[in-house]
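So the sequences go chain by chain: Z and F. Under the working numbering, the first residue of the first sequence is numbered 1, with each subsequent residue one higher. Under the working numbering, the first residue of the second sequence is numbered 1001, with each subsequent residue one higher.
Accuracy of the hints is not assured; some may be wrong.
[Said to hold, decoys possible] Partner residues aside, some chain Z positions facing chain F, computed with beta carbon under 8 angstroms: (1) E27; (2) A176; (3) H182; (4) E183; (5) V184; (6) Y187; (7) Q191; (8) A202; (9) I203; (10) E269; (11) E271; (12) G275.
Since the hints were derived computationally from the structure, they do not count as laboratory data. Ideal Cβ positions, reconstructed from N, Cα and C, are used throughout, including at glycine.
Each chain, letter by letter, is given below.
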Amino acid sequence: MANHPANPIRNSEVGDPRADDEKALQELRSLLLSTEQKELVALRQRLDDLQVRARDMGAAIAEAIRLRREQGGGPALREALGPSVEDVLRESVRKNPDILASALFPIMGPAIRKSVFESLRQMLESFNESLEKSLSIQGIKWRIEAIRTGRPFAEVVLLRSLVYRVEQVFLIHKKASLLLLHEVAPYVSTQDPEMVSGMLSAIQDFVRDSFNAPQAETLDSLQVGDLQVWVEQGPGAILATVIRGHAPQELRITLREKMEALHARFNQESEDFEGDAAPFEAFRSDLIECLAVRYRTEKRSKARPFTAILIGALIVLLSGWALFSYLDNRKWDGFVADLEQQPGIVVTSFSKEGGRRRISGLRDPMSAEPAVLLAAEGLDAGRADFHWRAYYALDDSLVERRAAAILHPPAGVTLAVERGTLRAAGKCSSEWASKMRELAPLIPGVRSLDESRLDDGGSLDSLKAALESATVLFDVGQALISDQQRAAIDQVRARLQALVTKARSQSQDLSVEVVGHADSTGEEDVNQALSERRAQRLAHELTVVDIPAGVISARGAGTSQPVRSEDTEEGRKYNRSVTFQVSSSRKSGSR
Amino acid sequence: MLQKKICMLGSFSVGKTSLVRRFVESIFSDTYLTTVGVKIDKKVLRVGEQDLTLMLWDLYGEDEFQRLRMSYLRGASGFLFVADGTRRATLDKVLAIKEEAEKALGPANFIVALNKSDLADQWEIEPEKESGLVSRGWSVIRTSAKTGEGVEFAFESLAKAMLGSKSPAS
Chain Z
1 MANHPANPIR
11 NSEVGDPRAD
21 DEKALQELRS
31 LLLSTEQKEL
41 VALRQRLDDL
51 QVRARDMGAA
61 IAEAIRLRRE
71 QGGGPALREA
81 LGPSVEDVLR
91 ESVRKNPDIL
101 ASALFPIMGP
111 AIRKSVFESL
121 RQMLESFNES
131 LEKSLSIQGI
141 KWRIEAIRTG
151 RPFAEVVLLR
161 SLVYRVEQVF
171 LIHKKASLLL
181 LHEVAPYVST
191 QDPEMVSGML
201 SAIQDFVRDS
211 FNAPQAETLD
221 SLQVGDLQVW
231 VEQGPGAILA
241 TVIRGHAPQE
251 LRITLREKME
261 ALHARFNQES
271 EDFEGDAAPF
281 EAFRSDLIEC
291 LAVRYRTEKR
301 SKARPFTAIL
311 IGALIVLLSG
321 WALFSYLDNR
331 KWDGFVADLE
341 QQPGIVVTSF
351 SKEGGRRRIS
361 GLRDPMSAEP
371 AVLLAAEGLD
381 AGRADFHWRA
391 YYALDDSLVE
401 RRAAAILHPP
411 AGVTLAVERG
421 TLRAAGKCSS
431 EWASKMRELA
441 PLIPGVRSLD
451 ESRLDDGGSL
461 DSLKAALESA
471 TVLFDVGQAL
481 ISDQQRAAID
491 QVRARLQALV
501 TKARSQSQDL
511 SVEVVGHADS
521 TGEEDVNQAL
531 SERRAQRLAH
541 ELTVVDIPAG
551 VISARGAGTS
561 QPVRSEDTEE
571 GRKYNRSVTF
581 QVSSSRKSGS
591 R
Chain F
1001 MLQKKICMLG
1011 SFSVGKTSLV
1021 RRFVESIFSD
1031 TYLTTVGVKI
1041 DKKVLRVGEQ
1051 DLTLMLWDLY
1061 GEDEFQRLRM
1071 SYLRGASGFL
1081 FVADGTRRAT
1091 LDKVLAIKEE
1101 AEKALGPANF
1111 IVALNKSDLA
1121 DQWEIEPEKE
1131 SGLVSRGWSV
1141 IRTSAKTGEG
1151 VEFAFESLAK
1161 AMLGSKSPAS
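Generate the whole structure from the sequences, applying the supplied hints.
And the structure:
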């Protein structure tokens, strides 16, 4: 300043004295304050230039915020910055959600995993518990209770095996009766916690007022059924815990300690409370710790396997018995069905009496032996009671068996029955053959005899005689074959067959004349015609059998060849008939 | 979320309970009023940018059988005084209760609801009396439990008053 040149004075013009004064002042100012003036200009520039100012503030802003917070201006800062930060976040998500998502990913991933893991763990625990319980007698009781009360089984198990469980915790501001924090155990249904908190506070006041309790006295617990509410009082807040079951006194101490910790940490927040519960969020983890739970564990580990084994064995036994009984029943049913298929056995009733089976019905003595069938099925004959009534069955196989039993055919002779016809075949003695001819018609089920394949060694003549001795009777004036005549005709046919066989074996030509007769009553020409029709009808019946053509011829004898004398009615009957006349001759050309 | 406790006060049968019934969430039955002397409901509303939960303490109307339980007033941020517009005496009672409440708790935000506004022909409160109260800076709102008139407005007015009077953070 001292070495500043005095040039301005020299350069000034002489004129207006006021202007001169101004100039002089200006000069003086620049002489005295030139450094400060420059600084002022520079400062103004810093203030006016946005860029410069931004640079300056950038350096200070972080420090300023830190200082502000240290001075206790946290809430004001939050309020000032909060909306902008929220707007920025909202805008960022709107523009590109990926940026925030990537930033949050390292936090959200583990948090979600932890939450999912925790839920799964709880679910598994409750599932295990249910499984274990469902196999005990107690489990069955609880299942019945679940059905009776309509609750899920898992819930009944949970409640019954519970010693105690803290279901809800309320942290309530004491003066304002407003809810600060609320936590609930899993699967517990709740009412609006804010309203409940209010009412809980009101009830405390109500009890104190109603019973004129001193102000310092408080309502410490409520009890409804197996539900209790414990209330821990602090100077600024109360901690209400809703407990199911019987909690130990240690829990009280834990809760009291929590309250003390709360008041140590949040005393100021509690006093400053204006309805904003946010500052108390930091206490939430402590509150969650209050959600304690304890289950019954006594001597389950010992009792369980024994009960399980017992029940398991019982189940195995029962199912084994059921299976055995089912298979046994099926075997018996199969046996009875088989029995019904047997010829000569008719089952009319089948029942189970105790462990035994009672089977009743009709049985042909010739049929299969039921006891033998029983053994073949693998059933115990001792467990069956048979009640049979004997009868003759007309099944061919049984008639055949019966015939064999009665006729005792000699070796070389076979007997077969087909639709009531007994066919004898083979070689036999003439005695046996004649005995057979006698007995066969008496055997139940044998309607005719066919001995055309039987060689009884008898002579052709005896066979001729046998046929010629046969007579087929007719009703008065009748030439038609009636059912009564069938047996006689069958017999004739059998004898004819035997004769034809014999003749064939001896190479004899055979001629059988069927002769019709009529009794002497009535006109002769009518009788003649009747006798012819009788002969033709019967010849026709016989030619049905396998007999060479030309062997049989028919002739009506009218009344000319009476079979018997007509002195009696019996004799007359024999004249309404057909008889046979046989002749044979050695075949021409043979031998 | 900000919470505030509000007490609803007024004589017996001025229609306090029915006034709010359609406008609040409720889990407790009306019998609480006659037994415990209070029933608590909840009303969530938004004032400007602020979500607000009002915990509404509906106090049993004072009558010859029961006195107002002053302990229920503790911690209240506001009062909703209810009078029956068709019975002048109920407004006088409101004034008395207000005085009593302020004596116990100090001044607080409040509004006065003159209920049964739908019964205009039976109206007993003189306009001068009403405007006199308004001129004292009071919020006096005519309401009707029957038509719902003025009820939301009453809640909003009280909520605004409470938020406005909040001491600014230092």
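Evaluation of the provided hints:
1. E27: Result: violated, 52 angstroms to nearest chain F Cβ.
2. A176: Where the cut-off is 8 angstroms and the nearest Cβ of chain F is about 4 angstroms from Z:A176, the hint holds.
3. H182: With Cβ-Cβ at 12 angstroms, over 8 angstroms, it is violated.
4. E183: 17 angstroms, violated
5. V184: Violated. Min distance 15 angstroms.
6. Y187: 20 angstroms, violated
7. Q191: Holds - the Cβ of Z:Q191 comes within 8 angstroms of chain F, reaching about 5 angstroms at its closest.
8. A202: 5 angstroms, holds
9. I203: 6 angstroms, holds
10. E269: Where the cut-off is 8 angstroms and the nearest Cβ of chain F is about 13 angstroms from Z:E269, the hint is violated.
11. E271: 13 angstroms, violated
12. G275: Because about 4 angstroms separates Z:G275 from the closest Cβ in chain F, which is inside the 8 angstroms limit, the hint holds.
Comparing the model with each earlier hint shows violations of hints 1, 3, 4, 5, 6, 10, 11; every other hint is respected.
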